[in-house]
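Position one of the sequence shown corresponds to residue 1 (our numbering), numbered consecutively onward.
No lab work stands behind these hints: they were computed from the structure.
Just so you know, not all the hints are guaranteed correct.
[As the list claims (entries may be wrong)] In the SDA-like style, the derived pairs of lysine to any residue whose C-alpha atoms are separated by at most 25 Å in a straight line are: (1) Lys141 to Arg55; (2) Lys141 to Val20; (3) Lys141 to Ala32; (4) Lys141 to Phe128; (5) Lys141 to Arg73; (6) Lys141 to Asp123; (7) Lys141 to Leu52; (8) Lys141 to Leu129; (9) Lys179 to Pro143; (10) Lys141 to Gln116; (11) Lys179 to Ala166; (12) Lys141 to Thr107; (13) Lys179 to Ala156; (14) Lys141 to Ala106; (15) Lys141 to Asp97; (16) Lys141 to Lys179; (17) Lys141 to Ile74; (18) Lys141 to Arg114; (19) Lys141 to Asp115; (20) Lys141 to Ala156; (21) Lys141 to Pro113; (22) Lys141 to Asp22; (23) Lys179 to Gly104; (24) Lys141 to Ala130; (25) Lys141 to Asp56; (26) Lys141 to Gln127; (27) Lys141 to Met170; (28) Lys141 to Gly51; (29) Lys141 to Ala100; (30) Lys141 to Ala36; (31) Lys141 to Gly104; (32) Lys141 to Gly105; (33) Lys179 to Leu140; (34) Lys179 to Arg27; (35) Lys141 to Trp54; (36) Lys141 to Val28; (37) Lys141 to Arg171; (38) Lys141 to Met31; (39) Lys141 to Thr70; (40) Lys141 to Met46.
The structure presented is a predicted model; accordingly, all values stated were derived computationally and were not measured.
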Amino acid sequence: MTTILAFDTSGPYCAAALMVADRVATRVDDMARGQAEHLMPMLEQMLAEAGLNWRDLDAIGVGIGPGNFTGIRISVSAARGLALGLGIPAIGVSSFDAQAYGRGGATVVLPAPRDQVYVQRADGAPQFLAAEEAPTGVALKSPEAMIADLAKVAAARMGQAQPRPAPLYMRPADAAPPKDPAPVILG
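Build the full structure now, drawing on both the sequences and the hints.
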């Protein structure tokens, strides 16, 4: 029996799925901020409600984006730390793959800031486009369905060689480097 804990904080939420064999329980907490403080207690509560603990996990599934820059970093760093500490694999899954799961080569369009979208067609690389250039008629899965499918994609990839999860950034961070010179370090 395979047990996978999957989570994603790349959007305005904390989303998690606990997959035990072929059963998936999900939880999505809407939040614009505070995912870093909310994620671990949320995951611990999901495990406790299922009568499981961290050592019962066979793998971690993690959303790698695209999406909120800081949110992606929260999930990816938590997954790497958990995987290292538990000695289990962390499997990165893009929002594109989770949204396309079960749709047989569908085009995926994800919202992005400032009237833009992230697009991935079945036969192409991800793109960052103005909203008016996006393909139409493409429906998004709910966050609950997306996180459940993220866990299913991670389960399908278990046993395959996986790179360490890394953020999928499609645009630069909104933060600008400081204008002041760096402080002098005295030796």
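Comparing the hints with the structure gives:
{"no.": "1", "hint": "Lys141 to Arg55", "in the structure": "violated, 31 Å"}
{"no.": "2", "hint": "Lys141 to Val20", "in the structure": "holds, 22 Å"}
{"no.": "3", "hint": "Lys141 to Ala32", "in the structure": "holds, 19 Å"}
{"no.": "4", "hint": "Lys141 to Phe128", "in the structure": "holds, 19 Å"}
{"no.": "5", "hint": "Lys141 to Arg73", "in the structure": "holds, 23 Å"}
{"no.": "6", "hint": "Lys141 to Asp123", "in the structure": "holds, 20 Å"}
{"no.": "7", "hint": "Lys141 to Leu52", "in the structure": "violated, 28 Å"}
{"no.": "8", "hint": "Lys141 to Leu129", "in the structure": "holds, 20 Å"}
{"no.": "9", "hint": "Lys179 to Pro143", "in the structure": "violated, 38 Å"}
{"no.": "10", "hint": "Lys141 to Gln116", "in the structure": "holds, 18 Å"}
{"no.": "11", "hint": "Lys179 to Ala166", "in the structure": "violated, 29 Å"}
{"no.": "12", "hint": "Lys141 to Thr107", "in the structure": "holds, 13 Å"}
{"no.": "13", "hint": "Lys179 to Ala156", "in the structure": "violated, 47 Å"}
{"no.": "14", "hint": "Lys141 to Ala106", "in the structure": "holds, 12 Å"}
{"no.": "15", "hint": "Lys141 to Asp97", "in the structure": "holds, 12 Å"}
{"no.": "16", "hint": "Lys141 to Lys179", "in the structure": "violated, 41 Å"}
{"no.": "17", "hint": "Lys141 to Ile74", "in the structure": "holds, 22 Å"}
{"no.": "18", "hint": "Lys141 to Arg114", "in the structure": "holds, 21 Å"}
{"no.": "19", "hint": "Lys141 to Asp115", "in the structure": "holds, 20 Å"}
{"no.": "20", "hint": "Lys141 to Ala156", "in the structure": "holds, 19 Å"}
{"no.": "21", "hint": "Lys141 to Pro113", "in the structure": "holds, 19 Å"}
{"no.": "22", "hint": "Lys141 to Asp22", "in the structure": "holds, 20 Å"}
{"no.": "23", "hint": "Lys179 to Gly104", "in the structure": "violated, 48 Å"}
{"no.": "24", "hint": "Lys141 to Ala130", "in the structure": "holds, 21 Å"}
{"no.": "25", "hint": "Lys141 to Asp56", "in the structure": "violated, 29 Å"}
{"no.": "26", "hint": "Lys141 to Gln127", "in the structure": "holds, 19 Å"}
{"no.": "27", "hint": "Lys141 to Met170", "in the structure": "holds, 21 Å"}
{"no.": "28", "hint": "Lys141 to Gly51", "in the structure": "violated, 29 Å"}
{"no.": "29", "hint": "Lys141 to Ala100", "in the structure": "holds, 9 Å"}
{"no.": "30", "hint": "Lys141 to Ala36", "in the structure": "holds, 24 Å"}
{"no.": "31", "hint": "Lys141 to Gly104", "in the structure": "holds, 14 Å"}
{"no.": "32", "hint": "Lys141 to Gly105", "in the structure": "holds, 15 Å"}
{"no.": "33", "hint": "Lys179 to Leu140", "in the structure": "violated, 40 Å"}
{"no.": "34", "hint": "Lys179 to Arg27", "in the structure": "violated, 41 Å"}
{"no.": "35", "hint": "Lys141 to Trp54", "in the structure": "violated, 28 Å"}
{"no.": "36", "hint": "Lys141 to Val28", "in the structure": "holds, 13 Å"}
{"no.": "37", "hint": "Lys141 to Arg171", "in the structure": "holds, 23 Å"}
{"no.": "38", "hint": "Lys141 to Met31", "in the structure": "holds, 18 Å"}
{"no.": "39", "hint": "Lys141 to Thr70", "in the structure": "holds, 22 Å"}
{"no.": "40", "hint": "Lys141 to Met46", "in the structure": "holds, 22 Å"}
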